[in-house]
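Residue numbers (the numbering used here), protein chains in the order written: chain V, 338 to 624; chain X, 1000 to 1162.
If you are wondering where the hints come from, they were derived from the structure by calculation, not from laboratory data.
All C-beta atoms in this analysis are idealised placements derived from N, C-alpha and C, irrespective of residue type, glycine included.
Possibly wrong hints are sitting among the right ones.
[To be verified] Some, not all, of what chain V presents toward chain X, calculated at C-beta under 10 Å: (1) Cys-357; (2) Val-358; (3) Ser-361; (4) Val-375; (5) Thr-381; (6) Leu-431; (7) Arg-432.
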Amino acid sequence: MASYEAPQSRRVEILTLAVCVLLSLLLLSLPSREKIRVADALGTVLTTPYERVRDFIADVGRVRARNDRLQAELTALKTDRDAAGRLRRERDELRRALGLLDAAPSVLVPCEVQRRRVATAASLVQVRAAEAVAWERYQAVITPDGLVGRVYTATGPNTAWVELLNSPGMAVSCMLSRTGLPGILHPTSGDEFELTLVGRDEDVRVGDRVVTSDIGVVQGADGEPLAGLPRGLPVGEVVGVESPPEKLFKVIRVQPRASFSRLDVVFVVVGRGDELSANAFGNGGAP
Amino acid sequence: MTRFVRTTLLLSVLALAGQTLIAPLLTFGGVGPDFALIALVILALSEGAFAGTLGGFVMGLVMDSATPNLLGLNALCKSLTGWGAGRARERLVFGLPLVEGSTVALAALGHDTLFLVVESWTARSPFFRPLFTSVLPSALVTGLVAIPLVRAADLLGLLRRDD
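Working from the sequences, and respecting the hints, build out all of it.
Shown next as structure tokens:
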């Protein structure tokens, strides 16, 4: 049998117990609304530090796992980039040998979205660049996810209206990246699109990536080619393919990669080369 | 004072880590060990009824903050349990796993029964069915899980003995 010498007297112990019990009963007798208010305050004081530490530890674990995955992706992308560089050089040499001119690399100019105008005829956003831009009609406007629209009209050296891809009547020359099949992309309902003019016997699968094609260059009134969309900008993914017996062409539904409702910063593609450069104000700025 | 702080920190880690990480793995059909209660009983056995009462009150408040409709109930039950365990330490013989496990199981039974009484009285919820399907089995499981933890606490010198 063990015996202990209590550090506090029995009276203090009983007094402590009585205070704790009284406080507990007081809390129990509070009205529901007051209970919620007190519990919120207690939660903030008592559990928030622990929850922060727990969330931080969980975040560190997640970040490390994501970092490992990104390192692997980075290694794969570097390998792909080197391979793409070799192919590009070979292609350039072949085009030079054939006497075909290469377009200079396109430049991405970051712009902030300032205003939005939604009408039955068109969905437009006004964008503003930090410095003057060599605006041209139909320049592509992209986000990190993919194509979102094209320049409609410049309103100043730094500002322009951009017509969004989901604007009624919009048509963009695209192709399927797996097979190179060309088609014309139209908005249908909501944020969904249809790729038209693809033959009913062609090989199209759900999941095929849709990218821009540089085939349809828009001609100006004087016959000079206007700036079109560079080849290969990501647009969306095929989510449905049908071949109705009464139609010559497939019905291909495309889900865009970019969101048109959450636009904050976009990039205007200045130039027509299919190689993109992030040097924002080197070649992209106005002369 | 240093010893008290060290004991409290160690038992807080046991309560938090056990309750959030280990208890879900050992819980089946709503029956599982109550690591917070085990930590409270060890605190009371180590530091006495004063620390047990205060520790139980604070621990109960932390748990109550997650269930506002029963705010104060955990604090009440744990204060009484901490006080009872602190008072019982003078009569306990340490070193016997059966005694230590039974002490924690009895504390869990008393705590959960009181909780159930008040809960069923205030929320008009059933009493006897959860008493036999949840409270009694949980008290047994808590007592079993507590045996190695109380032994470890004794080996770490948390349970003071003067014999």
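Tested hints:
The closest approach between the C-beta of V:Cys-357 and any C-beta of chain X is roughly 4 Å, which is under the 10 Å cut-off, so the hint is satisfied. Residue-level restraint check for V:Val-358 holds (minimum Cβ-Cβ distance to chain X is 6 Å; threshold 10 Å). Proximity of V:Ser-361 to chain X holds as hinted, the smallest CB-CB distance being about 3 Å (cut-off 10 Å). Proximity of V:Val-375 to chain X holds as hinted, the smallest CB-CB distance being about 6 Å (cut-off 10 Å).
Because the smallest distance between the Cβ of V:Thr-381 and any Cβ of chain X comes to about 9 Å, under 10 Å, the interface hint for this residue holds. With a least beta-carbon distance of about 62 Å to chain X, the hint placing V:Leu-431 at the interface is violated under the 10 Å criterion. With a cut of 10 Å, the hint placing V:Arg-432 at the interface with chain X is violated, because the nearest CB-to-CB distance is about 62 Å.
Hints 6, 7, counting from the list given before, are not met by this structure.
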